[in-house]
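S.K.: For reference, the chains in residue letters:
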Amino acid sequence: AQSVTQLGSHVSVSEGALVLLRCNYSSSVPPYLFWYVQYPNQGLQLLLKYTSAATLVKGINDFEAEFKKSETSFHLTKPSAHMSDAAEYFCAVSEFGYGNKLVFGAGTILRVKS
Amino acid sequence: EAQVTQNPRYLITVTGKKLTVTCSQNMNHEYMSWYRQDPGLGLRQIYYSMNVEVTDKGDVPEGYKVSRKEKRNFPLILESPSPNQTSLYFCASSPTLAGGYTFGSGTRLTVV
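Top line first, the protein sequences correspond to chains A and B. Under the working numbering, the first residue of the first sequence carries the number 1, and numbering increases by one thereafter. Under the working numbering, the first residue of the second sequence carries the number 1001, and numbering increases by one thereafter.
Think of the hints as simulated: they come from the structure by calculation, not from any bench. All residues carry an ideal CB built from backbone N, CA and C; glycine is no exception. Don't take each hint at face value.
Stated by the list, open to error - Only some residues are given here: those of chain A computed to face chain B with a beta carbon under 8 Å:
hint, residue
1, 25
2, 32
3, 34
4, 39
5, 40
6, 46
7, 49
8, 51
9, 55
10, 87
11, 101
12, 102
13, 105
14, 108
15, 109
What the hints assert, rightly or not - Across the chosen pairs, the derived CB separations fall in these ranges:
hint, chain 1, residue 1, chain 2, residue 2, range
16, B, 1110, A, 109, 29 to 39 Å
17, B, 1003, A, 84, 21 to 31 Å
18, A, 71, B, 1011, 40 to 50 Å
19, A, 54, B, 1067, 20 to 30 Å
20, B, 1070, A, 68, 21 to 31 Å
21, B, 1026, A, 109, 37 to 47 Å
22, A, 109, B, 1008, 39 to 49 Å
23, A, 55, B, 1008, 35 to 45 Å
24, A, 41, B, 1002, 17 to 27 Å
25, B, 1062, A, 16, 18 to 28 Å
26, A, 54, B, 1012, 27 to 37 Å
27, B, 1026, A, 39, 19 to 29 Å
28, B, 1017, A, 68, 45 to 55 Å
As the list claims (entries may be wrong) - Some chain A residues flagged as far from chain B (calculated, every beta-carbon gap over 10 Å):
hint, residue
29, 66
30, 79
31, 94
32, 111
Construct the complete structure from the given sequences, taking the supplied hints into account.
M.R.: Structure, rendered in structure tokens:
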């Protein structure tokens, strides 16, 4: 079974600083990879997805992620943090053969300081 | 508006009292899934469905049942809820393997 590891349960950045949220997955074949964001008391919203096209994927709100097969990583970045980016972020990988199951990481809470 | 609708948003119930959380999607998606979210554990899949009348267990199916009699609906049934089922539940739907899931707003369930 696949697994997803998100390094750092909490990340704190200053407004305007670079955001880097780390995600590593375990897979012997290239998977589909996703980043979701969850704002307080809301459901999950898809930020971006990798589906074996370009390795650098751009998403909403200036977020992007790069798929690195050699490192089995899919880290999420944003050049300049905004206060409204404060939320919990989840990395997820599709597990084929299991009805399109998404396997989620434990999540990273992003705090943005003014 | 394309969406996944769950009801209720909040529910407090007593141990052993059967309950159903409804889920409906208006996007004609094939795949539907139920997840529970617990602090520090991320989201774990309870059950999923690949189409009408096709369902299977996820990672944590014990104590739950589902049905998929129509494409748009995928209710989650707790026949005899217990306190360890206190959690935040999400229903989600997806058109394809690579499509990514659209999530509902969640149901916060408390079993006392």
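S.K.: Hint by hint, note whether the structure agrees.
M.R.: Structure-based check of all given hints:
1. 25: Cβ of residue 25 of chain A sits 13 Å from chain B, so the hint is violated.
2. 32: The hint holds - residue 32 of chain A has a Cβ within 8 Å of chain B, the shortest such distance being about 5 Å.
3. 34: At 6 Å from the nearest chain B Cβ, residue 34 of chain A passes the 8 Å test, so the hint holds.
4. 39: violated (11 Å)
5. 40: violated (11 Å)
6. 46: holds (5 Å)
7. 49: Hint on residue 49 of chain A: holds, closest Cβ of chain B at ~5 Å, below 8 Å.
8. 51: holds (4 Å)
9. 55: Residue 55 of chain A check fails; min Cβ-Cβ to chain B is 15 Å, beyond 8 Å.
10. 87: With a closest approach of 14 Å, the residue 87 of chain A hint is violated.
11. 101: holds (5 Å)
12. 102: holds (6 Å)
13. 105: The hint holds - residue 105 of chain A has a Cβ within 8 Å of chain B, the shortest such distance being about 6 Å.
14. 108: violated (10 Å)
15. 109: violated (10 Å)
16. B:1110 with A:109: 29 to 39 Å: violated (23 Å)
17. B:1003 with A:84: 21 to 31 Å: Distance hint for residue 1003 of chain B, residue 84 of chain A holds at roughly 22 Å.
18. A:71 with B:1011: 40 to 50 Å: Holds - the Cβ-Cβ distance for residue 71 of chain A and residue 1011 of chain B, about 43 Å, lies within 40 to 50 Å.
19. A:54 with B:1067: 20 to 30 Å: With a Cβ separation near 40 Å, residue 54 of chain A and residue 1067 of chain B fall outside 20 to 30 Å, so the hint is violated.
20. B:1070 with A:68: 21 to 31 Å: Roughly 42 Å apart at Cβ, these two residues miss the hinted range, so it is violated.
21. B:1026 with A:109: 37 to 47 Å: Between residue 1026 of chain B and residue 109 of chain A, where Cβ atoms are some 32 Å apart, the hint is violated.
22. A:109 with B:1008: 39 to 49 Å: violated (26 Å)
23. A:55 with B:1008: 35 to 45 Å: holds (42 Å)
24. A:41 with B:1002: 17 to 27 Å: Given a distance of about 21 Å, which is inside 17 to 27 Å, the answer is holds.
25. B:1062 with A:16: 18 to 28 Å: 47 Å Cβ-Cβ, so the 18 to 28 Å window is violated.
26. A:54 with B:1012: 27 to 37 Å: Given about 47 Å between the Cβ atoms, the range is violated.
27. B:1026 with A:39: 19 to 29 Å: holds (23 Å)
28. B:1017 with A:68: 45 to 55 Å: Distance hint for residue 1017 of chain B, residue 68 of chain A holds at roughly 49 Å.
29. 66: Non-interface label on residue 66 of chain A holds, nearest chain B Cβ at 18 Å vs cutoff 10 Å.
30. 79: holds (24 Å)
31. 94: violated (6 Å)
32. 111: holds (16 Å)
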